[in-house]
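Enquirer: Protein sequences appear in the order of chains A and B.
Count the first sequence with the working numbering and you get residues 1 to 117, in order.
Count the second sequence with the working numbering and you get residues 118 to 230, in order.
If you're looking for bench data, these hints aren't it; they were derived computationally from the structure.
All clues given are correct.
DSSO-like, lysine-lysine: derived pairs with alpha carbons at most 30 Å apart: (1) 143/B / 41/A; (2) 64/A / 14/A; (3) 186/B / 143/B; (4) 41/A / 64/A; (5) 143/B / 55/A; (6) 186/B / 41/A; (7) 41/A / 229/B; (8) 55/A / 20/A; (9) 41/A / 187/B; (10) 66/A / 41/A; (11) 64/A / 20/A; (12) 41/A / 173/B; (13) 143/B / 173/B; (14) 20/A / 66/A; (15) 41/A / 14/A; (16) 186/B / 173/B; (17) 64/A / 143/B; (18) 14/A / 66/A; (19) 55/A / 66/A; (20) 187/B / 143/B; (21) 173/B / 229/B.
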Amino acid sequence: GAVVSQHPSWVICKSGTSVKIECRSLDFQATTMFWYRQFPKQSLMLMATSNEGSKATYEQGVEKDKFLINHASLTLSTLTVTSAHPEDSSFYICSAPPTSRRWETQYFGPGTRLLVL
Amino acid sequence: SQQGEEDPQALSIQEGENATMNCSYKTSINNLQWYRQNSGRGLVHLILIRSNEREKHSGRLRVTLDTSKKSSSLLITASRAADTASYFCATAPLSSNTGKLIFGQGTTLQVKP
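Please work from the sequences and hints to get the whole structure.
Expert: This is how it looks when you write it as structure tokens:
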């Protein structure tokens with residue numbers, strides 16, 4: 001089956017630093033990828049839609065200058081948490097629907113756990 | 118934005134019993150999907166039901182969809198301890214042409230051996 005990978009799987013950083021998280025579709029192309037954030041014991045909240053070759057679309061309340069998204073190719077999207085603070089500590093998950101089947105099952109990455117000290 | 122509401126928020130049953138989880142949503146959808154998440158792990162896709170479908174089965178799973186009530190249910194029959202996890206419904210809004218998913222709040226299921 002289709003696989004989506006994320007790197008790193010976990011990261012610990014100091015407050016004020018920036019952290020980059022990669023999301024890759026390993027065996028299919030995805031013009032669109034999605035980034036979610038999940039706090040402990042809560043559901044997944046959609047942060048933004050990453051679009052290959054164009055700007056990302058952010059959900060209401062998500063700071064675009066803080067969460068920079070770059071969809072560099074048909075298989076790679078990156079999320080950079082800039083000037084991270086402890087409240088940004090969370091589980092970040094990406095997903096990708098195959099371009100030709102965006103209304104079908106999405107494939108989720110295993111998630112990246114971010115801890116900001 | 119989060120549009121799904123699920124109930125119950127938590128469910129504890131004995132192995133062998135059936136578990137039913139409900140999901141309600143607010144806007145018109147293309148499809149509704151159910152996912153499972155073990156503690157601290159990624160999501161596992163369980164089943165997808167399209168807006169023109171009313172019921173779907175997959176192994177021990179049975180999903181229903183009532184678009185007039187904007188609700189869905191997930192039934193797990195003959196539950197096992199390994200079914201212990203959080204379960205989320207996710208809807209694909211018709212208003213979006215990207216296929217993005219909006220997740221419900223989730224139901225935490227505990228199956229006691």
